[in-house]
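There are 2 protein chains.
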Amino acid sequence: MSTHESRTNPTQSEGVRNLSPEDAWDRTRTMVVGRLAFSGGDRIELFPINYLVDRGTVLFRTAPGTKLAASMEHLPVVFEVDGYEAEANEAWSVVVHGVLEPVLDTSEIVEAVALPLFPWQSGEKAFFVRIVPAEVTGRQFRVADPSRWVSQFTGGPRASAE
Amino acid sequence: MSTHESRTNPTQSEGVRNLSPEDAWDRTRTMVVGRLAFSGGDRIELFPINYLVDRGTVLFRTAPGTKLAASMEHLPVVFEVDGYEAEANEAWSVVVHGVLEPVLDTSEIVEAVALPLFPWQSGEKAFFVRIVPAEVTGRQFRVADPSRWVSQFTGGPRASAE
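Going down the list, the sequences are from chains A and B.
Quick note: the first sequence, position 133, residue 135 per my numbering, numbers continuous.
Quick note: the second sequence, position 113, residue 115 per my numbering, numbers continuous.
Calculated from the structure, these hints are not laboratory results.
For glycine and all other residues, C-beta sits at the position ideal for the given N, C-alpha and C.
Any given hint could turn out to be false.
As the list claims (entries may be wrong) - Stretches of chain A that chain B covers, calculated by requiring three or more beta carbons in the stretch to come under 8 Å of a beta carbon on chain B: (1) 40-50; (2) 80-93.
To be verified - Short derived list, chain A residues pointing at chain B, Cβ under 10 Å: (3) 35; (4) 37; (5) 97; (6) 99.
Produce the entire structure from the sequences given, and follow the hints as far as they go.
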């Protein structure tokens, strides 16, 4: 890849390919923790969430607070999930832009309670919220140095950094 | 925990504790991939980034594009990283609010090149950008169902969901 290509179209760098929406959803279904961002007024809020793909949306549980309030306002949000495939030495990332919607319909709540969706933390999270997608994009790319992706810091070269 | 407590102070749910800034930085140093969000004009952009803690900032490499442009504008951003401690069955999340700054000083660039900071993907990423923190918060919490956190979907109960 030449510097010129990189400058004109950085998303088409060597080893990067876009995922089809179907592939992006399939990968999203394989994971259980993603990150949700939305505008919290004067700044952006970013949280990890434990989710499940349900009815073509990203469903999660929450306690009363910022996320539930945001869902009542149908706030635009972005959700991201990523993973690593050791055999292929490739990582992928899926980004969903959409809006938050509270689950208020009683029959939907009854169904949602039966889903295997466990909150990340054990505090009470009685409410269900959906990310209703407007756009789903995904990319897969070869990992430059797999050890940096899969392993946590266990001493060695990074000790010289702060 | 009563419902009342949950409503008045959801961050103090059972099993959740706040991390000191020092602890939050220590945990951030153990990971290599986090997620960066900032306003992209009409919507929020959210990316995974391969990072390193350096000089009290979160340093990453990037190609010309959205993130580099955002750094030139010193855009406010939020960065999140999380992890799981199997022995304790606890997960943690650190959130850094701050601004993006490009690394333009030649001696800083020379130093940054020597750091063990490998881009997530193998495309050329010639520029260094820092997240200069304004606020660092961290939380640790007991995982309700550890299998939902550590394992990928491999069939079983979730097959009934979409």
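Here is what the structure says about each hint:
For the region 40-50 of chain A, the assignment as covered by chain B holds, since 8 residues bring a beta-carbon within under 8 Å of that chain's beta-carbons and 3 suffice. Only when three residues or more bring their CB closer than 8 Å to a CB of chain B does the claim for the region 80-93 of chain A stand; here the count is 6, and the claim holds. Residue-level restraint check for residue 35/A holds (minimum Cβ-Cβ distance to chain B is 6 Å; threshold 10 Å). The restraint placing residue 37/A at the interface with chain B holds, with a minimum CB-CB distance near 5 Å, inside the 10 Å limit.
A least Cβ separation of about 6 Å between residue 97/A and chain B falls short of the 10 Å threshold, and the interface hint therefore holds. Interface restraint check: residue 99/A against chain B, minimum CB-CB distance 6 Å, threshold 10 Å, status holds.
Checked against the numbered hints given earlier, this structure breaks none of them.
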